[in-house]
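> Sequence:
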Amino acid sequence: MRHQITGFSNPTIKRLRSLREKKHRKREGLFLAEGLRILTEALDSGRTPKILVVVEGTELHPLAQKIEQATVAAGGDVIETSEAIIAKLSGKSNPQSIIGIYPDHPVPLDELDRSAANIWLVAQALRDPGNLGTILRTGDAVGAGGLILIDDCVDPYSVEAVRASMGAIFTQTVSQARWPEFLSWLRSGPGELVGTSLNTDKDYQAVRYRAPTFLLIGNEAQGLPEEYEADCDTLVKMPMMGKADSLNAAVAASVMAYEVLNQNRQR
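Residue numbers for the sequence shown follow the working numbering, beginning at 45 and rising by one.
Hint data in this document are derived by calculation from the structure and do not stem from the laboratory.
Taking lysine to any residue and the SDA-like style, the derived pairs with C-alpha atoms no more than 25 Å apart in a straight line are:
#  : residue 1 : residue 2
1  : Lys132    : Thr50
2  : Lys110    : Pro139
3  : Lys287    : Glu270
4  : Lys67     : Ala221
5  : Lys66     : Gly174
6  : Lys66     : Val151
7  : Lys66     : Leu153
8  : Lys94     : Val218
9  : Lys70     : Pro224
10 : Lys70     : Arg171
11 : Lys70     : Ser202
12 : Lys66     : Pro152
13 : Lys246    : Asp275
14 : Lys94     : Thr84
15 : Lys110    : His47
16 : Lys246    : Tyr302
17 : Lys94     : Pro55
18 : Lys94     : Arg71
19 : Lys94     : Lys132
20 : Lys110    : Met45
21 : Lys94     : Asp199
22 : Lys58     : Lys70
23 : Lys66     : Val218
24 : Lys110    : Gln48
25 : Lys94     : Arg59
26 : Lys94     : Gly120
Here are the computed distance ranges between Cβ atoms for each label pair:
#  : residue 1 : residue 2 : range
27 : Arg309    : Leu242    : 24 to 32 Å
28 : His47     : Arg311    : 48 to 56 Å
29 : Val116    : Asp157    : 31 to 39 Å
30 : Lys67     : Lys136    : 20 to 28 Å
31 : Asp245    : Lys66     : 39 to 47 Å
32 : Asp195    : Gly174    : 16 to 24 Å
33 : Glu65     : Gly187    : 30 to 38 Å
34 : Gly174    : Pro55     : 25 to 33 Å
Note that this is a predicted model, so its numbers are computed, not measured.
Idealized CB from N, CA, C, for every residue including glycine.
Given only the sequences and the hints, what does the whole structure look like? Please build it.
Structure follows, in structure tokens:
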């Protein structure tokens, strides 16, 4: 059954709008996802929203109807409201007609199954939500086990990161850790840690990667700290034929991930 809300000052609308801020997301354990494509990815991954918000007075797409039915069946709430209120929730002047509110789902490091995939993505001090979302999308594309965020990274459940992931936030495992914790966990089992760096002569295609491969991408501006590079099993770099000295972090992650994937396919 739908509940209609028409006022901007409604407490529920205020609460949902507050999820655009990290402190409120962490307090509530919830995040906001928008658009039919992303919500369909969530449903296909077995995730239903706790709250579904739809535009009043419009006939829902069949896929949106399916999401609404699943939400109700799972005991979630469905809110019907104006396009103007949905625009406030999404922060966009041309919002999608459907928004889902989901529980966040970070996985503790010691619960990760490293044998679940040959490729894992690791990002250190990543700052840009677009890069984080794109790396999640790459992970989904190459069949990675997930993304491990090291140190202080941008929130993977921010509206911008979720949007950039195009639904991969629901298909990829996300874990967060400080560097010493991650390194201790990594060394407790199989796994090769490969860092991307300018401080090496090893071409990224000249190295034979061992599974599971943990691909470490550094901060967009500073790259990896020297002590982190020293902890890697291998450092590699990609050739730069022009004047640029490095690739965008998300692009570098994609190039590396597909090189490892291609080597695995050849084997």
